[in-house]
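Since the structure of chain A is provided, determine the placement of chains B, C and D on it from the hints.
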Amino acid sequence: MIKFYSGNIACAEGAIAAGCRFFAGYPITPSTEIAEHMALRLPQVGGIFIQMEDELASMAAILGASWGGMKAMTATSGPGLSLMQENIGLGAMTETPCVVVDVQRAGPSTGMPTLIGQADVMQARWGSHGDYEIIALSPSSPQECFDLTIKSFNLAEEYRVPVILLMDESVSHMSEKVIIPPKEKIKIVERKKPKVKPSEYLPFKADDYVPPMACAGEGYAVHVTGLTHDEKGYPQATSPEVQEKLVRRLCDKIRKNERKLRDIEEFEMEDAKLAIVSFGTTARSCKAAVKRARKRGYKVGLIRLRTIWPFADEYFEKIANEIKQFVVVEVNYGQIKLEVERCVGKKVHLLPKMGGEIHKPEEIYKKIKEVYNGN
Amino acid sequence: MKYWVKEELKPPHGKVYIIKDRCKGCGFCIDFCPQQVLQESEEFNAKGYHPPKLVENEKKCIGCGFCSLVCPEFAIYIEKEEEKND
Amino acid sequence: MEIEAETHPLDKYLRTDRIPHIWCPGCGLGTVLNCFLHALEESDIDLKNLAIVSGIGCTGRVAGYLNVDSYHTTHGRAIPFATGLKLANPKLKVVVFSGDGDLFAIGGNHFIHAARRNIDMTVICVNNYNYGMTGGQLGPTTPLEAKTTTSPYGNVEHPFNLCHVAAASGAVYVARWTALHVRRLKESMKEALNKKGFTFIEVIASCPTTYGRRNKMPTGLDTMRYYKEKSVIKHGIDPSEADIEIGGDIIVGKFVDIEKPTFDEILKKLEEKIK
Amino acid sequence: MRKEIKFSGFGGQGIVLMGNIAARASAIYDGKNAIFTPSYGPEARGGAASSNVVISDDEIDYPYVTEPDVLVAMSQEAYEKYAPMLKDGGLLIIDEDLVKLKNGEGKVAKVPATKIAESLGKRIVANIVMLGFFTAVTKLISYEAIKKAVLESVPPKFKELNEEALDKGYERGKKVKDGKNGKMA
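Residue numbers (our numbering), protein chains in the order written: chain A, 1 to 375; chain B, 1 to 86; chain C, 1 to 275; chain D, 1 to 185.
Hints in this document: simulated from the structure, not taken from any laboratory.
For every residue, glycine included, the Cβ atom is placed at its ideal position computed from N, Cα and C.
Incorrect hints may appear among the rest.
[Unchecked claim] Ranges of calculated distance between the beta carbons of each label pair, as one might list FRET restraints:
1. Arg259(A) to Pro84(D): 50 to 60 Å
2. Leu202(A) to Asp57(D): 51 to 61 Å
3. Gly219(A) to Asp11(C): 12 to 22 Å
4. Asp21(B) to Ser43(C): 26 to 36 Å
5. Leu101(D) to Glu362(A): 28 to 38 Å
6. Ala320(A) to Glu59(D): 21 to 31 Å
7. Asp57(D) to Arg259(A): 34 to 44 Å
8. Lys100(D) to Lys295(A): 38 to 48 Å
9. Lys139(D) to Lys295(A): 25 to 35 Å
10. Thr7(C) to Gly219(A): 14 to 24 Å
11. Glu59(D) to Glu231(A): 25 to 35 Å
12. Ser199(A) to Glu42(B): 39 to 49 Å
13. Ala320(A) to Thr16(C): 51 to 61 Å
14. Lys195(C) to Gly219(A): 21 to 31 Å
Only chain A is shown next, with the shape it has when bound in the complex (with noise of 0.2 Å):
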C-alpha cells in the first residue's frame, strides 16, 4: 500500500502497525499531529488514547501501561522530554518497554517551537541522573519515521528499555510517500515471558542481560521498584554490591550489544577520503552536497547515523585511519561531534546550526571543499 503521509502521520501509523494500543501525550508543537492522529486511530483498533495533563503524566502513564501489558508510546518535543526526564530513569531502572518520540525543534528552552533544531541528541542519551543506557533511532523521511517507529517498539520490547524515536520538526511536516508493507511482511517482536512458576519466578534476574517480564494481572506478585533492587525485586538501597551488578547489566545489555544495535546508511563511502556525518533531516542535504561534490571528482561519502544510542564506537574507530577526515554536520552546535571526535581520536570539523533551518546543499558543499582542499 501506498500513502502519501507526513512524519508525524507515518510515525503514529508505524506505531499501530507495532501493536501500539495505548497512547499517553501532552500537546506540543511539533509533535501534536502524532497525538491528534492517534486519537483517531487508536479507538479504531480497541486501544486507548488519553490526553495527560503534562508529560510527567504522559511518560508516567506509558510505564504503567507497559506493565499492564500493552505497548505504550509517547510524543513530545524538547521542553517535554525535559519534563519526562525522570520517569525515563524509571523506565531504565524498572526496564519497562515504551517508546518516546521526539519531535526536536530549537531550543533552549522555548526557543523555536515551529522550526527545526536537533539539539536533543545529548538530551535523549543523558537526560534523566545516574547511569543507564538507552537506545535513540533518527528517521531522515516520513518511510524511515514508519519503519524506524515499528523498530523502536520491536527494540523497547526486545531490550525492555525505553527507547527514543529523535524525529525532527522537519521530517514531522514534510510528506512523502510511504510504503506500507502487508501486515504479514512486518517483523514484529514481543516481550519475553517468564516460562517457570511464580515461586520460581526472579523477575530481575537475567541469563542473556534481558529478565523475561510478567505483567500486572499475570499472577506472579512481581515488585517493581525505582530504587536499586536484587533480582526478586526488592529494595537493596545501601548494597554498593547489588547496585553495581544492578547498573553494569542495566548499561551492558545495551553497550554489549552495539554492533547489534547499529544501525548506519553508507553512501559512496568506498574510497572515501573524507567522510560526512549526519542524521535526521539534515542528511538529506548531505547527499545532495556528496552527489554535487563526487560529480567534481571529491572523493567524499556520507555516513548517516540511524541508530544515534548507542554510539557506534567501534564503527568509527575502525574508519578513523582509512578516513582522513570528518565533517560532522548537525543542527546543533556539535553534540554528535563530540562522539565521532572521542571514537576517532582526531580532530573533526563541524558544520554546525543554530536552529530554525536544515543547511542547503551548497552550504555543505563549500565545507567539503574547503575541508578537503585544507583551506
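Coordinates of chains B, C and D only, in the frame set by chain A:
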C-alpha cells in the same frame, strides 16, 4: 427468638495471639483495648521492645479484634473462642 | 495467658520476607496497612488482579510490603502510572497508596485530573502532616502554625483540606478517618474497593518521629489519644466544612458517595459508537 | 529533473491543501518523487500563507523550495513576499483579480480563480480552480493524477463541486497554454 436473647447474654471470648518479635512497643493495643486486658510485659523482645501480655484476668477479652486492627506491626491477633452454652 | 505465635493469619497478603517494615514505632502507617489487609480479607477481591501503586516517601513503601503486583514509582507520579496500568488492563483493581506530600504537592496536579476523569482506582492518602522520610519538612497539609524543620517558627501556609480537594475535583467516594478509627477505616476501604470510579480515602496518621515530637505529641500514642479526644464523626457533610486546624475538631466520616460513569466506561461506549 | 513549486495566498484559501494535493497526485498517481512541506505555525495564521512542493524523477534529497520554478500567488501580500524568490525564467501564476502585478515580471499566467469559484457558488473552491489551471499550464502533473488526488481529499457531498472547479480551471489553463486567450506573457 427466645433462644436468641439467652445466647447473646453470654459474653463472647477471644484468645489473644502475640508475635512478640514483631512488636515495636507503640502501646496502641494496650491503650485502646476496650476491655483493658493487655499490659506491657517486662521481657524484652529481639529488638529490645516490651511486647504486650495479658493482664491477670484474661477472661475479659471479648474477641473484638481492635488490637488486631490497630497494631502497626501485624504482631497481634485474636481468635474468637466458640460460643458454647455449657 | 496470651499465646505466642510465629505467623499472623494475614501474612498471606504480605511479603513476610520484608517484615518488619521500615516504619518507626508508633507510626500510623502500619495501622493503615493493617486495616487494608483486613479489608482485603473481608472483600471479594481477586488478589491476582490487585495492583498497588505508590509514589515516594514513607507511605510509598506500602507497595513493597504487599504480596501482589506492586509498583513503587517516582515522587508524585503514582497516579498517572496507575492510570496507565488500569487503562491497559481493565481487569485490575488498582489501589494507589501514598502520602500527603507525594499526592498533593509534587503530584497534586495528577490527583485532580485523575479525579476529574473519574479513572477507576482507589487512592488512599496517609496524611501525617509532613514529609517524614526526608526528616519532617512542611507539606501541603501541615496545619497553620505547626512546627516542622522548614517552619521552625510555625507554618505560615494554609493547608489543603484533602477531602474538599477530592470532592471538588470529582471523586465519587470521599471519606476521612484517623488511624484510630480502624473499624470504620476498614469498612470505608471495603466500600471504596467495591465501588467503580475514583474513590478517595484520607487517613490522618501519626508521625511521632518527625512531626509529633515538634508538636507536643512525642509518641504515636500521644497522637492517637489526641485523635480520640478531637475526632467528630459527621457523615455526609460538605467536605468544605471539614478544614483541619491545630487544636480544632478533626471532622471525619464519609462525605461523598455518588455515581458517575468512569473514563473506561465512556471510552468503551465511544468504541462501540465508532465501530 | 527537479521542479520546485510554491503555492501562496492568505490564510483560509486552502493554500496548504493545494500543495498537499499537488504533491500527492505526483507521488501516488504519477509515480514520481514528490515532497510537500507546509509553512507552519504562527506564521501560517493570517497573513501570507504558503505551501511548497518539490517534484522530481530522481530521489529528492533537499526537501525545501528555495527558488521556485513555479510560484502560484493568490494574494497581493503573497505575491510581493515570494515573487523575488522566483527562479530566473520561472513561471508566475496569479489570481488576476487579487494580484496587481508590478513591473519587470517574466512569464505570467493569469486566471480569475476566485471569480470562477464564485460563479460555481462556492468561493472556497478557488484553490481547486487554481490547481486545475496550474495543472494545464505547467503540465508538471497529469490531469488524471490531480483529479484523483482532489477527489480523495474532499468530503463525498462536495466531490461534484470540486470536480467542476478543477475542470473549469483546467479548461481555462489549456486555453492559456494554447495562447487562445493570449494571457501567458
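*Which numbered hints does this structure break?*
Those not satisfied come down to hint 11.
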